[in-house]
Amino acid sequence: MPTALYRLFLLLTLLLPLTGHAGDASDFVAASPSKQAKLLESWSAAPDAARLPLLEALQQGRLAADSGKNPFIEVNGLYQSAEGEFAPAEAPRKLRLNNRLRGLIGTAMASHQLLAEEPALRLAAARELQKRAKPAQLGLLDARVASETDAQVRTALTLALANLQLVDRDPAIRLAAVRLLGETGDPLARTRLETLLDPAVEDDAGVRTAAQTGLAQVKRKLLIGELLGQAFSGLSLGSILLLAALGLAITFGLLGVINMAHGEMLMLGAYATYMVQLLFQRFAPEAIALYPLVALPVAFFVTAAIGMALERTVIRHLYGRPLETLLATWGISLILIQLVRLLFGAQNVEVANPYWLSGGVQVLPNLVLPYNRIVIIGFALCVVVLTWLLLNKTRLGLNVRAVTQNRAMAACCGVPTGRVDMLAFGLGSGIAGLGGVALSQIGNVGPDLGQSYIIDSFLVVVLGGVGQLAGSVMAAFGLGIANKILEPQIGAVLGKILILGLIILFIQKRPQGLFALKGRVID
Amino acid sequence: MNQPLAITVAQKAGPKVTLGVGALVLAVLIALPLLHLLPADNVLHVSAYTLTLVGKILCYCIVALALDLVWGYAGLLSLGHGLFFALGGYAMGMYLSREAAGDGLPAFMSFLAWTELPWYWYGTSNFLWALCLVVLAPGLLALVFGFFAFRSRIKGVYFSIMTQALTFAGMLLFFRNETGFGGNNGFTGFTRILGFDITAQGTRAALFIATLALLVGSLYLGFKLARSKFGRVLTAVRDAENRLMFCGYDPRGYKLFIWVLSAVLCGLAGALYVPQVGIINPSEMSPTNSIEAAVWVALGGRGTLIGPLLGAGLVNGMKSWFTVAFPEYWLFALGALFIGVTLYLPKGVIGLLRKRGEQ
Amino acid sequence: MKRRPLLKSTLAASALLLSGLFPFTVQAAETIKVGILHSLSGTMAISETSLKDMALMTIDEINAKGGVLGKQLEPVVVDPASNWPLFAERARQLLSQDKVDVTFGCWTSVSRKSVLPVYEELNGLLFYPVQYEGEELSPNVFYTGAAPNQQAIPAVEYLMSEDGGAAKRYFLLGTDYVYPRTTNKILRAFLHSKGVADKDIQEVYTPFGHSDYQTIVANIKKFSAGGKTAVISTVNGDSNVPFYKELANQGIEATDIPVVAFSVGEEELRGIDTKPLVGQLAAWNYFQSVENPVNSAFVAKWKAYAKAKNLPGADKAVTNDPMEATYVGINMWAQAVEKAGSTDVDKVRDAMAGQTFAAPSGYTLTMDATNHHLHKPVMIGEVQEDGQFEVVWQTEGPLRAQPWSPYIEGNDKKPDYAVKSN
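Residue numbers (full-length UniProt numbering), protein chains in the order written: chain W, 1 to 523; chain R, 1 to 359; chain Z, 1 to 422.
Some hints here could point you the wrong way.
Unchecked claim - Result set (DSBU-like, lysine-lysine): computed pairs, CA atoms no more than 30 Å apart in a straight line: (1) Lys219/W to Lys228/Z; (2) Lys65/Z to Lys99/Z; (3) Lys420/Z to Lys56/R; (4) Lys131/W to Lys199/Z.
No wet-lab data here; the hints were simulated from the structure.
Sequences and hints are given; from them, build the entire structure.
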């Protein structure tokens with residue numbers, strides 16, 4: 001793994017004697033912000049391996065200075081003199097950096113890492129420089145391309161160099177650079193090539209034509225990335241809608257309970273995640289990354305238990321009176337919200353993504369797929385499959401279907417309808433709890449979490465066709481993708497309104513939803 | 001004998017007493033605006049605060065009654081009545097904003113770079129046209145929605161969820177600044193109505209009386225409808241729509257009529273609500289408000305005409321008291337009310353009162 | 001025997017009903033009544049509850065010093081429940097039933113606009129502690145939060161500067177309501193005046209509670225390919241977490257595309273995982289991390305108060321800009337009452353002009369002589385891991401507010417003193 005190697009390398013460089021380069025750290029500490037910027041620029045044009053510990057400290061915000069402007073580096077809470085053997089006069093204060101300096105530090109760091117032993121480090125540095133290289137680094141890059149041994153790194157370096165060569169005096173070099181850039185799918189290349197189309201900027205006609213063709217290529221690649229990105233965000237939104245609605249597909253779809261407290265089951269699932277995270281923080285901080293996995297069963301059983309309790313105490317009295325269940329469950333939802341508000345406070349609570357759910361994978365230059373979204377899409381599909389198996393391949397599932405289709409007949413056959421009702425409601429609530437775990441990794445966890453999903457959930461179930469799992473899946477993904485196609489065209493607000501309007505129209509056309517249960521029963 | 005004695009007594013009381021109580025309540029309500037006109041230092045003076053509070057609750061009573069006509073009689077639970085209420089309110093708000101702005105643009109428009117009024121604001125400075133809008137906007141929307149919904153025979157839960165989606169869409173639309181209705185802020189800062197100062201005692205009293213008159217009028221209309229053949233057909237729609245169809249009736253027209261009537265009543269209530277509370281904004285369309293209205297009806301007793309009024313009055317009175325006395329526990333009380341009513345009072349408070357009366 | 005419980009229950013019931021309609025007012029001559037009008041339930045409770053507590057703390061503090069004019073302050077707390085019409089109703093209750101001499105409250109512009117006619121009709125006095133879009137100047141309101149030129153414009157100036165990254169393109173992202181719309185309108189005009197062309201400005205709005213920022217972040221990335229970009233976010237409270245998470249997960253760092261927010265403060269950061277936000281910016285007139293003796297005392301007092309009153313999350317209690325504005329407002333009002341020698345609204349209003357107060361922000365803030373706004377310093381803070389901000393830039397001194405922004409057409413004709421809105 002490159003990051004591990006990188007850390008090892010940094011550790012090694014940290015162990016090098018720090019005294020050899022008197023001046024750099026002191027200069028930096030003493031300089032004004034604009035001077036500091038100049039220093040960093042000059043460093044990035046002429047990298048020196050011995051400066052790495054300083055840059056590393058800067059990048060991590062560990063460089064400090066005392067009142068005598070003596071530089072110190074903080075290591076594990078202790079301040080070590082960066083140059084010479086000073087003891088700090090008083091507690092040194094950490095240096096204040098701003099975003100501009102941080103960017104320059106990144107560039108300097110990258111150019112220093114070009115000297116690293118590890119090809120992986122050099123590759124990362126070269127990629128960084130494709131974005132950030134400054135004209136002053138032209139000479140450095142030129143030299144590195146010539147001496148680079150690893151083919152992959154050389155390609156990356158050549159590209160970084162090409163960016164700078166676009167303003168070279170020699171048209172032949174410019175032409176080569178333009179051709180090279182044309183083959184990337186980098187959004188930055190597009191802007192760079194676009195400027196070359198102007199005869200005032202680029203006087204060579206040949207280069208202009210090359211830029212034209214290159215631009216067309218880049219645009220095509222960018223378009224592919226954009227479309228894939230849209231498809232992915234549609235799928236991601238769909239999977240979130242699906243997780244939010246799946247529990248409802250059982251409690252409303254199968255049992256016929258208009259469960260307005262469904263959103264609160266999601267919310268309780270998210271709070272269960274929060275509690276699990278707290279326990280991990282207190283008792284097993286080293287395994288904190290695993291907390292979402294532990295939260296899954298916990299959330300499932302907590303919400304299932306609450307659901308079953310509600311079913312036994314309130315909902316069981318209301319079967320066959322669907323509109324009354326609406327009011328009663330709405331009451332339950334109000335009570336649950338206020339209860340959570342009193343217990344946990346009105347503020348949102350902090351649920352952090354573990355490292356394996358943060359960040360994303362770069363698929364194309366303009367397409368990054370975040371890990372949490374990938375995981376949630378997979379998770380949603382798993383839950384659907386498991387639910388389907390449970391309903392169609394187990395005895396409980398058989399009983400549930402029997403009871404929901406013909407209660408009296410099922411009872412005659414010896415199915416304990418009351419128990420089945422309870423278990424089915426518990427199952428629906430438990431699945432909502434699982435959805436809550438997933439939602440906690442995407443957005444806020446607060447008492448009102450459920451309220452923002454309840455209407456969408458109902459629309460998914462109704463649109464899909466009540467009682468049809470497959471319908472809900474189709475509806476959720478359909479809505480997600482439709483939303484993401486509309487949003488860039490007409491904006492998020494109008495997009496949402498239009499979707500609602502379309503759903504209303506669709507239901508007028510097909511009152512039974514996408515997948516209607518076929519039957520000739522008339523009530 | 002576990003129930004409070006007050007209820008027992010009410011149950012034992014005959015219809016004459018009920019009528020008497022009704023007359024008394026009406027007398028008090030008529031007296032309120034008149035007492036408001038007294039000078040402020042008079043002992044009997046009713047403050048503007050009380051008057052607007054009661055006026056607001058009366059507007060809610062009209063909504064409850066309108067909702068009861070469709071839910072209690074025709075069996076269509078609408079979770080979107082807040083939309084019709086708000087549309088009526090917005091139509092009146094447009095007039096009031098124009099009145100406050102004089103010849104210029106309403107304040108919210110002028111600083112968001114609107115240079116002229118959008119077309120749908122045309123004529124809203126005219127009170128009569130605004131009144132037409134109060135009726136037309138909710139009425140036409142209900143007509144179109146109802147026509148298609150009843151043609152596709154959407155009912156029960158589906159109907160409820162569709163109406164909820166409708167009001168949700170409406171809320172999002174009105175939240176948009178570019179829709180031209182002041183976005184999240186809505187309309188405030190009203191000054192005059194028909195040339196009268198909106199904060200003057202006389203105007204307040206007049207608005208109150210208008211609200212009361214609308215309430216009594218809708219109540220009378222409700223009674224007439226409920227007693228007529230039309231009312232019986234509606235009840236049949238609620239109880240067994242298919243059998244009714246087999247008897248040769250087409251329920252669509254009946255449903256559509258009562259649905260549009262209910263929407264218009266809501267719109268009128270909204271129009272009276274706005275000048276009294278002084279603000280209209282999209283949060284009136286939030287699905288929560290519409291669900292709450294359903295609870296007023298359920299609590300009071302649906303399928304009766306007095307019940308919803310009782311429910312709206314009780315819930316809102318409780319709300320005003322609870323949010324002052326125990327703000328943290330108001331939602332518990334409301335939630336428990338929802339559950340308790342559905343479990344133990346399927347016919348609402350009225351049902352409880354009547355049960356004994358019939359014995 | 002049966003009659004008595006009946007009598008009792010009916011009496012109790014009617015008393016219950018009456019007390020709802022006609023809240024009893026117990027008028028003790030020796031106190032001055034102070035209304036507190038913040039939502040304690042509903043969606044706004046998340047922000048407003050701490051302002052109510054801050055107001056109570058400040059009142060306690062003033063009372064401990066002997067009160068005002070030798071009288072104790074008596075807080076009257078009501079809950080408008082995040083419901084805008086209820087704000088107006090409660091305001092009327094405070095003014096006409098409880099007869100308060102001053103009110104501290106409201107959070108959003110819509111709540112202020114809802115109560116404004118009531119305050120103007122009954123000649124009450126309201127202190128509004130939150131930054132807002134300007135375009136209002138009522139004689140019955142004192143605005144202790146920032147006007148756009150005390151928050152938004154300096155923030156953009158910072159982004160334009162070398163230290164702020166010298167941004168060339170601006171992505172204006174906001175929740176679709178009046179504050180972001182007006183602020184962005186002002187900013188667009190300001191950017192034009194600085195030579196930024198329309199093609200380098202993009203305005204995008206999302207609905208309230210929007211939680212899916214995939215498309216918008218993708219757009220930001222696309223937009224930023226055209227040159228150094230900064231995002232100016234007026235995204236409202238709850239939507240911020242999904243937005244920042246999406247930014248971080250798609251690999252956008254503050255060094256590449258800085259985001260400066262006008263509605264993200266310590267209180268908002270308290271309940272979220274701050275890792276994805278580190279390095280992002282916020283512009284306010286006060287940060288808890290500001291180092292000066294007044295602020296240390298202020299923060300310590302608040303923490304002790306939160307602990308003593310057992311407020312939820314007391315162990316992580318933080319102060320923020322609107323809380324400071326509340327604190328300053330109440331203290332200034334108390335000073336003005338002392339100066340006027342009376343709680344009469346007209347006299348207090350006159351006495352407020354030119355009041356000064358050594359605020360926790362480290363500056364002595366002045367109430368403007370005419371325009372009812374505070375002169376405030378502007379600070380840009382960077383989010384730290386611990387949910388605090390580190391100030392990276394600040395104005396030389398307090399700025400005078402421009403409630404009628406010169407960047408909005410027609411405002412040059414508006415008077416710079418308070419007049420009734422109608």
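Hints, verified against the model:
Distance hint between lysine 219/W and lysine 228/Z is fulfilled; the C-alpha atoms sit about 20 Å from each other, no more than 30 Å. Between the alpha carbons of lysine 65/Z and lysine 99/Z the distance comes to roughly 24 Å, so the proposed pair stays at or under 30 Å and holds. Note on lysine 420/Z and lysine 56/R: the hinted pairing holds, with a Cα-Cα distance of about 26 Å set against a maximum of 30 Å. Using a Cα cut-off of 30 Å, the hinted pair lysine 131/W and lysine 199/Z holds, with the two alpha carbons roughly 23 Å apart.
Figure legend: structure checked against the earlier numbered hints; every hint is met.
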